[in-house]
Structure formats: structure tokens, C-alpha cells
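Visitor: Sequence:
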Amino acid sequence: MSFVTYSPQVEQPIADETAILAHIEQVVLEMAQAATAKYGRAMHGTHAKAVGLLKGQLTVLDDLPPELSQGLFAKAGHQYEVVARFSPGPPVPISDKASGQRGMSIKVLGVAGEHLVQSQEKTTQDWVLAVDKAFNAADARAFLKFFQFPAAKSPAIPEGVIVAGSQIARDLEAVLESVGLESPNLKFFGRPPRHPLSDSYYSQAAVRYGKYIAKLAVFPSAELLALIGEPALEVTEDEALRHAMNDYFADHEAQFDIRVQLCTDLTSMPIEDTSVEWPERHSPYRTVGRLVLPRQRAYSETKRAEFDERLSFNPAHALVEHQPLGSVMRARMQVYAATQRYRQTTNQIDALEPHHLSDLPD
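Plus 242 on top of the position in the sequence shown (first one is 1) and you've got my numbering.
These are computed hints drawn from the structure, not numbers from a lab. Heads up, a few of these hints could be off.
Derived DMTMM-like pairs: lysine to aspartate or glutamate, alpha-carbon spacing no greater than 20 Å straight-line [claimed, not checked]:
1. Lys297 / Glu522
2. Lys375 / Glu522
3. Lys453 / Glu356
4. Lys297 / Asp550
5. Lys453 / Glu253
6. Lys387 / Asp550
7. Lys375 / Asp499
8. Lys375 / Glu356
9. Lys317 / Glu356
10. Lys387 / Glu259
Sequences are here, hints too, so could you generate the full structure?
Guide: If you want it as C-alpha cells, here you go:
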């Protein structure tokens with residue numbers, strides 16, 4: 243199997259990209275301002291409600307083959323401290339009865355090496371992941387059109403309407419799937435609720451992987467899935483996910499595999515069309531590291547006030563060797579930086595780039 247070698251030419255900016263990215267930034271900031279007016283404080287631009295704020299450790303596997311021993315994973319057996327944030331997708335902290343997109347963000351600490359010029363942090367590596375293997379928009383232009391959906395403007399919609407709309411989207415998606423079809427947009431707004439630790443999470447878009455190009459994903463271990471048992475959750479309360487996370491971590495640790503899918507063909511595995519799921523028959527996901535989140539308090543208001551308010555997760559917080567690729571990633575890097583500035587300026591808090599886990603509350 244041969245792998246596509248990274249070069250700057252694999253990225254092809256779309257027409258009017260600068261204006262499109264500025265428009266996306268404007269729309270997302272308007273949503274953030276609406277959320278501030280509604281809730282009295284600024285929040286993360288998306289995935290506003292944390293349901294798990296955790297500390298852990300990432301260990302690089304020994305004896306990786308050369309194509310996998312790249313970038314952050316180049317040093318066999320190396321251990322990194324990490325923080326992880328689990329969150330639903332909406333830009334407002336609504337009831338868990340509204341079940342749609344779900345995400346996991348990871349910040350690796352103590353990462354030496356040259357970082358992107360766009361990165362406000364110089365010792366971390368962030369991965370911002372979601373439960374779908376591909377993004378629901380092909381490129382930044384389609385990403386902008388996504389915000390024209392009324393449901394995308396959730397700060398302006400009553401919570402009861404959002405919950406009802408999520409159930410309708412869930413039901414419609416179930417009908418489509420019963421006949422072998424699916425709708426990424428329906429799934430974004432409505433999908434069956436699950437335990438946050440039971441999902442696999444994907445970068446959705448490509449990143450540079452040292453000499454190569456890859457997508458990255460986090461998979462729960464077999465032991466973790468066995469401990470969780472039935473992954474489906476019957477959500478009868480607004481904070482069901484936080485309670486589920488605290489209940490699990492009161493007694494158990496959680497282990498995950500970090501895997502990468504190397505690009506072998508730019509036609510079937512495109513960089514600039516993030517709506518395409520890369521075929522695993524061409525290149526399977528391969529394990530490069532282990533993530534362990536030990537027993538701890540998964541969520542508390544003390545953690546939220548420090549851990550969640552002052553930290554930011556942005557694909558731009560990256561080594562040059564793990565540069566995010568494609569117009570959707572370029573949009574996310576710009577928009578996440580803008581919403582971070584807005585959130586921290588509005589709330590009058592200082593950004594925190596943690597160097598050690600001891601910089602954050604337990």
C-alpha cells in the first residue's frame with residue numbers, strides 16, 4: 243500500500259474563500275452575541291455545553307511502522323498529559339432531551355515542535371472531533387449555506403421548540419435509515435441519545451500527518467464498551483449526560499484507541515470535499531496511541547468555571563506536522579479563534595494555555 247505524500251499543493255482554496263470565511267465568522271459571532279443576550283454570558287461558539295471535563299494521559303504505541311511514526315506520534319512510548327471535553331453540538335446550553343451532533347475535543351500538553359503561525363498556543367496540540375466520519379458540508383461555501391437552516395440559529399429559538407425539532411429530525415432520519423438512506427443534516431439536529439463514552443469520534447476533515455495526510459479518530463476500547471453496557475440512554479432529565487459521566491468515572495477509568503486513516507488516493511479520499519467518507523477498504527484506521535482517562539469527577543461547576551471557561555479548543559492549535567487541511571478546516575480555525583476572543587473579552591477572563599494538568603482543577 244502506498245500513501246499520498248503531503249505537499250502544499252494538496253490544498254486548493256475555493257473561489258472567494260476569504261470573503262466566505264469572513265461571512266461564516268460574522269454569522270457565528272452573531273449567534274454568539276444572541277446567546278450572550280439570552281444567557282447573560284458568552285459561551286463557546288459551538289458545543290456550548292460541556293458534559294465531561296477530564297484529565298488523562300496519551301501514550302504513543304511502541305514499534306509503529308514508519309508511515310505511522312510521524313509528528314506527535316514519532317517517539318515510541320512517549321507519554322503526554324491531555325485534557326478532554328465532551329459536549330453536544332448546539333451553541334447554547336440546552337436540555338439533553340435535544341439530541342443531535344456530539345463532540346469530543348482533546349488538548350495534548352507539552353508538545354514540542356514548530357506550531358502553526360495561526361496557533362495562539364505553542365505547547366499544545368488540539369483535535370476537535372465529532373461522531374460522524376464525514377462533515378455535513380463539502381466545503382466552506384456549503385458550510386456557510388448550512389447556517390441558513392432555521393434550526394442552525396438555535397440561540398433565537400425557544401428551547402421547547404429545539405427539543406421538539408430534535409425529536410422530529412430523529413424520527414425522519416429513522417424512516418430514511420429503514421430504507422437504506424440517511425441525511426447528514428437530519429442527523430446533525432436529531433439522533434438517538436447515547437452515553438458520551440460509547441461513541442467513536444472523528445476529525446471528519448484531513449490533517450497533515452508528518453510526511454503524509456490522514457484523518458484521525460478516537461475509538462472506545464472493548465473494555466470501556468463492556469463497562470458501559472447498553473449505550474442508548476433514556477433521557478428523562480435536562481442534565482442526563484453530565485450525570486451519566488459522573489456516575490461512570492466515580493468507579494472506572496476509560497480507555498480509548500487513537501487511530502489514523504492514511505490517505506492513499508486523492509480522488510476517492512479528497513482533501514477539499516469534507517462530505518466524502520474516506521473508504522476504509524482502501525485504507526483502514528490504524529492504532530497509533532492509547533488514551534486513558536482515570537477515575538475522577540467528570541463534571542462540576544468548579545471545573546466548568548476554570549477548565550471550560552478559560553480553555554479553548556481549536557484545530558489551529560497544532561504542530562506544522564499536523565496542519566488541518568481543506569477549506570472547512572480553514573474556516574474552523576478562523577471562526578474558533580474569533581469566538582474565543584469574543585467569549586473571553588465579553589466575560590473578562592484570561593485565556594489559559596495549560597502546560598501541566600496541575601494548572602487545572604480536579
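Visitor: Against this structure, judge whether each hint is valid.
Guide: The hints, checked one at a time:
no. : hint            : verdict
1   : Lys297 / Glu522 : 31 Å, violated
2   : Lys375 / Glu522 : 11 Å, holds
3   : Lys453 / Glu356 : 15 Å, holds
4   : Lys297 / Asp550 : 12 Å, holds
5   : Lys453 / Glu253 : 15 Å, holds
6   : Lys387 / Asp550 : 29 Å, violated
7   : Lys375 / Asp499 : 16 Å, holds
8   : Lys375 / Glu356 : 28 Å, violated
9   : Lys317 / Glu356 : 16 Å, holds
10  : Lys387 / Glu259 : 14 Å, holds
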